[in-house]
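Work the whole structure out from these sequences, hints included.
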Amino acid sequence: MRVSRALMARYAFCYLMLAIPTALFVVFRIIPIARTLQLSTLNWDLISPAKPFVGLGNFRELLLDPNFQLALSNTTIFAAVTVTASVVLALLVALPLARGVRLEGLYQLLYFLPFVAPTVPEAVAWKWICDTRYGVLNYLLSLVGLGPVSWLTEPRATLWAVIIMSVWKTLGYNMILFIVGLRAIPAEYTEAALIDGAAGWRHFRSITLPLLMPTVLLITVISTIAAYNVFTQVYVLASDIQGSPAGLVRVLIYDIFENAFRFYRMGYASAEATVFFVIVLGLTLIQFRVLRSQTE
Amino acid sequence: MRGGPRLLFIHAFLAAWAIVMVFPFVWMLSTSVKPATEIIQFPPPLLPHVPTFANYVRAFQAAPFGRFLVNSLIVTFVSTMVVLVTSSMAGYVFGKYRFPGRTVIFLILLATAILPLETYMVPLYLTMRDWRWINTYQGLLAPYLMMSFGVFIMRQYFQSTFPDDLMDAARIDGASEWRIFTHVAVPTALSAMAAVGIFAAIQAWTAFIWPLIIASTQNMYTTEVGLAVFQKRYTADYGAITAGAIVSILPVTAIFLFFRRYITQGIAFTGFR
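Order-wise, the sequence lines are chains G and B. Going by UniProt numbering, 251 is the number at position 251 of the first sequence; the sequence numbering is gapless. Going by UniProt numbering, 38 is the number at position 38 of the second sequence; the sequence numbering is gapless.
Hints listed in this document are in silico derivations from the structure and should not be mistaken for laboratory results. Glycine included, each C-beta is placed from N, C-alpha and C at the ideal position. Please note that a few of the clues may not be correct.
[Claimed, not checked] Only part of the chain B face toward chain G is listed, based on derived beta-carbon distances under 8 Å:
no. : residue
1   : Ile74
2   : Pro143
3   : Ile209
[Claimed, not checked] Using C-beta positions, here's what the derived DEER-type ranges look like:
no. : chain 1 : residue 1 : chain 2 : residue 2 : range
4   : G       : Arg133    : B       : Leu8      : 34 to 40 Å
5   : B       : Arg171    : G       : Leu92     : 52 to 58 Å
6   : G       : Pro66     : B       : Leu250    : 40 to 46 Å
7   : G       : Arg99     : B       : Leu250    : 46 to 52 Å
8   : B       : Pro100    : G       : Ala187    : 44 to 50 Å
9   : G       : Gln38     : B       : Ser191    : 39 to 45 Å
10  : B       : Ser160    : G       : Gly105    : 53 to 59 Å
11  : G       : Ile31     : B       : Phe60     : 40 to 46 Å
12  : G       : Val26     : B       : Pro35     : 52 to 58 Å
13  : B       : Ala113    : G       : Ala50     : 31 to 37 Å
14  : B       : Val104    : G       : Ala50     : 34 to 40 Å
15  : B       : Met81     : G       : Leu140    : 44 to 50 Å
[What the hints assert, rightly or not] For the chain G half of the interface with chain B, some residues (derived, Cβ under 8 Å), not all of them:
no. : residue
16  : Cys14
17  : Phe112
18  : Tyr264
Structure below.
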C-alpha cells in the first residue's frame, strides 16, 4: 500500500513535469500539423465565413498549376545540384581534416562559419558579389575571359547563384558529420591497407569509401530534406516581392508563402504544404532505413 | 611515408577553400566601410582606400536597426530560456523515470521534429490570428518555445551521465522529487544545457519565414526580417545595406565563436540541423 502510494506520487510528478512541454508541442506543432491536412481539403480565402469542402480539388488544381510545377522542378534541380556539390566538397575537405593536419581547428572554424551565421545578411553579401556590373564574381570570370553573367536577373543564372551560395553555406555542416564518420572507421583497416601497400586513391576507393557509405547516404538524405526547405536565400536573392527588379526563382516554400500570405488561398497553400509534408516524410523514411542498416 | 609535396598540396587546397569560405564575410565588411565611389569602382578594390562609417549612419537613419536588434534580443532570450526549462524538465523525466505512456509521449514529441515549420505554418498563423497574436512578441515566440532536439539531448545526458545513486541519496535525505530535480540534477547538467541553449539561441535569432509572416509593422521586425525588407527597399544604396548586414550578423557570430565547441559537438552527436 505504501509502495503504491509512493509510486503514484512519482507518476504524478512525471506527468506534472511533462504537462507544460507536452502542451506546447500539442498546441504549437501537433494540432497545426493535423490542421494542415484538414485545411488542404477546403477552399478558403481567410475572410469569407464560408469554407466549402472541396475534397481533393486543391490537389487536382495543383497538378495543373504551372507555378507549382515550376516550383517543384526548380526545387528538385536546386536540391540535386546543391546536395551533390556540397557532399562531394565536404568529403574532400573532411578527408585531410579527419586525419589531423596543422591548423585543423582554424580550418574547421572557417568552413563552418557560413552554416551558423544568419542567412539574410549572408545572402545580402552574395547579392553584391553576384551583381552584374560591379560584382566580384563577374570580375573573376572576366579574368578568364568569361561573362558577364546576369546572375540576378536571368532566371537560369539566378538559380545557379542561389545554388552556389547554398553549397557555400551547407558545406561546413556536412564536413562536421563526415569528420565524425571518418574518425569512427577503426584504425586497423587503415593499418592493414598500408601493410598491403594500398595508399592514396586506391586506399580511399577500396577501403575508406565503402566503410563511409552509410555516412554518405545519411548526409545526403539530411541535406536533401534541408534543400527542399530552401526559402531565405531565395527570398533575398531571387524574389520579386515589393517590386524589386530581381529575377524570380520559384521554389516550393516560396510558392506556399505566396499563395497563403499574398493571395490568401489558405486551403490551396495547405494542399501544397501537404505535398511538401509527404516529400519530407518520404525522405525521412529513407533516412531511417539507412540508420537501421548502419546499426545492424 | 607521406612525402612533403603531398602535404603541401593538402595545405594549399585547404587554405584555398578557407579563402573562398571567408571571402563573402570579408567582402561584406570591406564594402560596409567603403565610400559610395569605391563601391561601384570596377575592378572592385579589396579594401577601401578611404574607410568611412557613413554607410552605418545612413543604415540606422533609413531603418530602425536598433529596434530590430532589441526585438531579436527579446525573442532570442525568452525563447532560449523557455526551451531550456521545457527541455530539461521533459528530458529529465524521460531519462530517469518509468511511467505509463513514457515511450508513446517521447515518440510523439520526437517524431514531429522531422517536420519543418514550413509544413504547418499556415494553420499556426491562423491560430495566431484567432488569438490576436499577430504582430506581438508572443506570436513571434510561439513556435520557438520547445525543441525536440533539446528534449533529446537532455534525456541522453540524464540517462547516461546522471547517476541514480545521487537521486536515491537525496531521497533518503527526505528531498522531494522536484527538489532533487532543481537542486541535484540541474546543477550537474549545465554543459548539456549550454549546448541546448546555444542551438535554441541560434535558431531563434536566425528564424526568418515565421517572423516575416507574423511581424506586420516595422516596429515588430526582427533583425533578419528588417534587413530583408530594408535591402529590397534600398537596392541602390549597397553601402548602407551591407552595413545593416554587418550589424545583424555580428551578434550571432560572436556567440558562435565563443561557444563553437558545443555546437560542433552537438551536431556530431545528433546530426541536428
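Hint-by-hint comparison with the structure:
1. Ile74: violated, 17 Å
2. Pro143: holds, 5 Å
3. Ile209: holds, 6 Å
4. G:Arg133 - B:Leu8: 34 to 40 Å: holds, 39 Å
5. B:Arg171 - G:Leu92: 52 to 58 Å: Taking Cβ atoms as reference, Arg171 of chain B and Leu92 of chain G lie about 54 Å apart, which means the hint holds.
6. G:Pro66 - B:Leu250: 40 to 46 Å: holds, 42 Å
7. G:Arg99 - B:Leu250: 46 to 52 Å: Violated: the Cβ-Cβ distance is about 34 Å, outside 46 to 52 Å.
8. B:Pro100 - G:Ala187: 44 to 50 Å: Cβ of Pro100 of chain B to Cβ of Ala187 of chain G: about 46 Å, so the range 44 to 50 Å holds.
9. G:Gln38 - B:Ser191: 39 to 45 Å: With a Cβ separation near 43 Å, Gln38 of chain G and Ser191 of chain B satisfy 39 to 45 Å, so the hint holds.
10. B:Ser160 - G:Gly105: 53 to 59 Å: 27 Å Cβ-Cβ, so the 53 to 59 Å window is violated.
11. G:Ile31 - B:Phe60: 40 to 46 Å: holds, 41 Å
12. G:Val26 - B:Pro35: 52 to 58 Å: Hint holds: Cβ distance 55 Å, inside 52 to 58 Å.
13. B:Ala113 - G:Ala50: 31 to 37 Å: Given range 31 to 37 Å: holds, Cβ gap about 36 Å.
14. B:Val104 - G:Ala50: 34 to 40 Å: Given about 38 Å between the Cβ atoms, the range holds.
15. B:Met81 - G:Leu140: 44 to 50 Å: Roughly 45 Å apart at Cβ, these two residues keep to the hinted range, so it holds.
16. Cys14: The hint holds - Cys14 of chain G has a Cβ within 8 Å of chain B, the shortest such distance being about 4 Å.
17. Phe112: With Cβ-Cβ at 7 Å, under 8 Å, it holds.
18. Tyr264: violated, 10 Å
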